[in-house]
Amino acid sequence: MTITEGAAPLAAPPRDEPTDHRGSWLPTASMVSTRFMELRRRRGIMITIFVVMVGLPSLFLGVRLIMHLAAPKSYGPAGGADVFTSLVAGVLYVFGFIVAATLGCTAGSVDLSEGMFRHLVVTGRSRLALYLARIPAGLAIVLSMVAVGFTIVCVVCCFAAPTIENFDGAQVPAGLSKSALVAWAGSHSTEIICNLPINGPMPGNINCGPNGAVSIVKGGGGPVAGQLTKAQLSAFAERLAAANYKDYTAIFLAPPISLMVGSGLWLLLEATIGFLVGLGLGSLLGQRTVAVILMIVLEIVLTPIVSRVRIPYMINAQRAVVGIATAHLEPNGLSRVFGSGGGPNARSMLLPESTTVAVIVIVAWVVGWTALGAWRMMTRDA
Amino acid sequence: MTIATRTADDTARGPDGPWAVETHGLVKRFGDNIAVNGVELLVPRGCAFGYLGPNGAGKTTLIRMLLGLTRADAGTMALLGHPVPHDRARALARVGAIVDEPRFHGHLSGRQNLQILAAAREPAAMQRINPSLERVGILHRADDKVTKYSMGMRQRLGVAACLIGDPQLLILDEPMNGLDPAGMREMRDMILSLVAEGRTVVLSSHLLDEVERTCDAVAIVDHGHVIRQGSISELLQGAAVTLEVDCSDPSRAAALLGGTTLGARTEVAHNGLSVALPAGTSRDEIAEVNRRLVEGGVAVYRLQANQASLEEWFLQVTTRLGDPE
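First to last, the protein sequences are chains A and B.
Going by numbering that gives the first Met the number 0, the first residue of the first sequence is number 0, and it counts up by one from there.
Going by numbering that gives the first Met the number 0, the first residue of the second sequence is number 0, and it counts up by one from there.
Hints are computed from structural coordinates only; laboratory data are not their basis.
Values in this document were obtained by computation on a predicted structure and should not be read as measured data.
We put the CB at the ideal spot given by N, CA and C, even for glycine.
There's no promise every hint is true.
Quick look at which bits of chain A chain B covers, simulated, 3 or more residues with Cβ under 8 Å [unchecked claim]:
#, region
1, 49 to 55
2, 104 to 116
3, 298 to 308
Selected chain B positions facing chain A (Cβ under 7 Å, derived; list incomplete) [as the list claims (entries may be wrong)]:
#, residue
4, Ala92
5, Val98
6, His106
7, Gly177
8, Leu302
Pair ranges (Cβ atoms, derived) [what the hints assert, rightly or not]:
#, chain 1, residue 1, chain 2, residue 2, range
9, B, Arg212, A, Val50, 51 to 59 Å
10, A, His20, B, Asp99, 37 to 45 Å
11, B, Glu100, A, Val289, 22 to 30 Å
12, B, Gly197, A, Val289, 43 to 51 Å
13, B, Ile226, A, Gln286, 35 to 43 Å
14, A, Gln286, B, Ala181, 49 to 57 Å
15, B, Gly24, A, Ile295, 47 to 55 Å
Kindly generate the complete structure, drawing on both the sequences and the hints.
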């Protein structure tokens, strides 16, 4: 091998070696902040995230506020515990996952598809550090959006909550003690008797009509268990109220703080999972569109089906679906995930799974997809 | 002509060694196709080095291997004395490169794209963004989105991306693509100024005229092999010489020269005679051509010796894509 005199090598200009630990797998704060800037300036996806996580709940609650203000007798209050659970489990949970996954898929694939990946690789920076820098940057965006949307829901549901509690159809004042509820029941015996669950025959001279219409009929009618006086009816209603007091205390006008805190953390967990899985999948596939479609199918199609259907010999595989696992970590006050309709029996529709297994499944998904995405980024031709 | 030979001592000197780029037996296969086939390449520090070859010769693949963008199947390589990929982080710390068409995040401005790249380098790189943009002449458009940039501006932004790392070695793959004549001249001047600062520039291109004007040395690659490398002046000395002869009887002149041992190939043109002499022809041999013609009774009005250009020499030594070797 020869090099001629005409191209004789020169002494290289003296230079200090950069002391920036470029081979370290840890991303620098500057890498995270510039990645945050890159994602935040994606106008389309940022508008989508904002509309879904903040706009939709705000619009829904805003319309309810206006309707209630315009016709309070026809339209109930905008907020309350029921609205809270519906929005959290029905909207923020599902759409939070999808928008987080979309942002994750974007963060995981755009450097490659837009030609920046090779520029970044040529810097000599560890590819693992380049991958990991996207996690805090993306989570900062998606979690803040989830937090804003959730805060709006909490505020409206608390401050625009109904003042009268709907207790199995009976319009009962909220926050009564047991003795106060019993006393109130004595003076509203027909409403209590017609609405609360009765373990036994209906008193004979009570006629409970449709839509809560109540009348006391002299001479009875219906399955008569004996004709009662008004005092006897009051006593019966008081016993009924005392027997159902525990259920009464479980009903809230506004969502309790513990439920809001738990729900908020649960939504943040779901969004975090969505982002990390999307990031790994986007990096693995190297393109966004297919990755986003797969994530939507997982959340909207596959998980609801798998949550309800018991497939013989595949129960454990079904339990390994991350949506099932997160559903099992749902706070107790929420029972409507995957449209199960709420109510005390809603949870029984879910495929049974212990909390420990649910946590293991979630950790496995997060770690597994992160490892896959990072591995692909470290080994991919740029 | 003195020949400098790579020695074991050069290799052992590592980062203090004389070579900016050093490869030995480098191989890259894509299935049955061997894109890079045992490339031996030595690029001295502080020069502009052209890496030339026809389309599909393996130029970009070699650059991608050097930069760690794809893995080599065999062989060793080093950048600035640091072995790659073993010591990749240190090797690339002072390397800037454009590979293929420079592409960036279109929704960000040129400055923001450079901020992302500077963040992956040392902290001082952030301070070099404005000077780099100014040097490539797009500082006034630095805050425009890249989608609004022309191809030439993206090329300039790519060079700016190289410069923020204060590189000792720049590897530029077809940097003239998309540039207008004025832009090509500016790029050429900039490359020369970078070399004047003591940096090494490796230029991959098939614009041979630009390479000839810019580079001190070249390597020619064809079908994955480096078939020639050295300084341009030395390589061209090994090329054929063409004599343009304006004379009274071109046909007779051709017959006269055909009977000599000069090894000349003649071609009669409408305005004279073209005589191709083999590589290594001396001035005395050119004078001998003139003497033979005059002694043969042919009046010579003008005789001009033309050294082959880099382009002509390149076509002489490379096989055309698709042709048998």
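Quick rundown of the hints versus the structure:
1. Counting residues of the region 49 to 55 of chain A whose CB lies closer than 8 Å to any CB of chain B gives 0, which falls below the minimum of 3, so the coverage claim is violated.
2. Counting residues of the region 104 to 116 of chain A whose C-beta sits closer than 8 Å to any C-beta of chain B gives 4, which meets the bar of three, so the coverage hint holds.
3. Given a C-beta distance limit of less than 8 Å, the hint that chain B covers the region 298 to 308 of chain A is violated, as 0 residues qualify and 3 are needed.
4. Taking 7 Å as the C-beta contact cut-off toward chain A, the hint placing Ala92 (chain B) at the interface holds, the least distance being around 5 Å.
5. The criterion of a C-beta within 7 Å of any C-beta in chain A is met by Val98 (chain B), whose closest approach is roughly 6 Å, and the hint holds.
6. Restraint check, His106 (chain B) versus chain A: the minimum CB separation of about 6 Å is within 7 Å; hint holds.
7. Here the hint on Gly177 (chain B) is broken, as its CB sits about 14 Å from the closest CB of chain A, past 7 Å.
8. The interface hint given for Leu302 (chain B) is broken, as the beta carbon of that residue sits about 28 Å from the closest beta carbon of chain A, more than 7 Å.
9. Distance hint check: the CB atoms of Arg212 (chain B) and Val50 (chain A) are about 56 Å apart, consistent with the given range 51 to 59 Å.
10. For the pair His20 (chain A) and Asp99 (chain B), the beta carbons lie near 29 Å from each other, so the given range of 37 to 45 Å is not met.
11. Restraint check, Glu100 (chain B) to Val289 (chain A): a C-beta distance of roughly 24 Å satisfies the suggested window 22 to 30 Å.
12. At roughly 48 Å, the beta carbons of Gly197 (chain B) and Val289 (chain A) sit within the given window of 43 to 51 Å.
13. In this structure the supplied range 35 to 43 Å holds for Ile226 (chain B) paired with Gln286 (chain A), their Cβ-Cβ distance being about 39 Å.
14. Separation of Gln286 (chain A) from Ala181 (chain B) is about 38 Å and departs from the stated range, judged on CB atoms against 49 to 57 Å.
15. At about 49 Å, the CB distance of Gly24 (chain B) to Ile295 (chain A) agrees with the hint of 47 to 55 Å.
The structure does not agree with the numbered hints 1, 3, 7, 8, 10, 14 stated previously, though it agrees with the rest.
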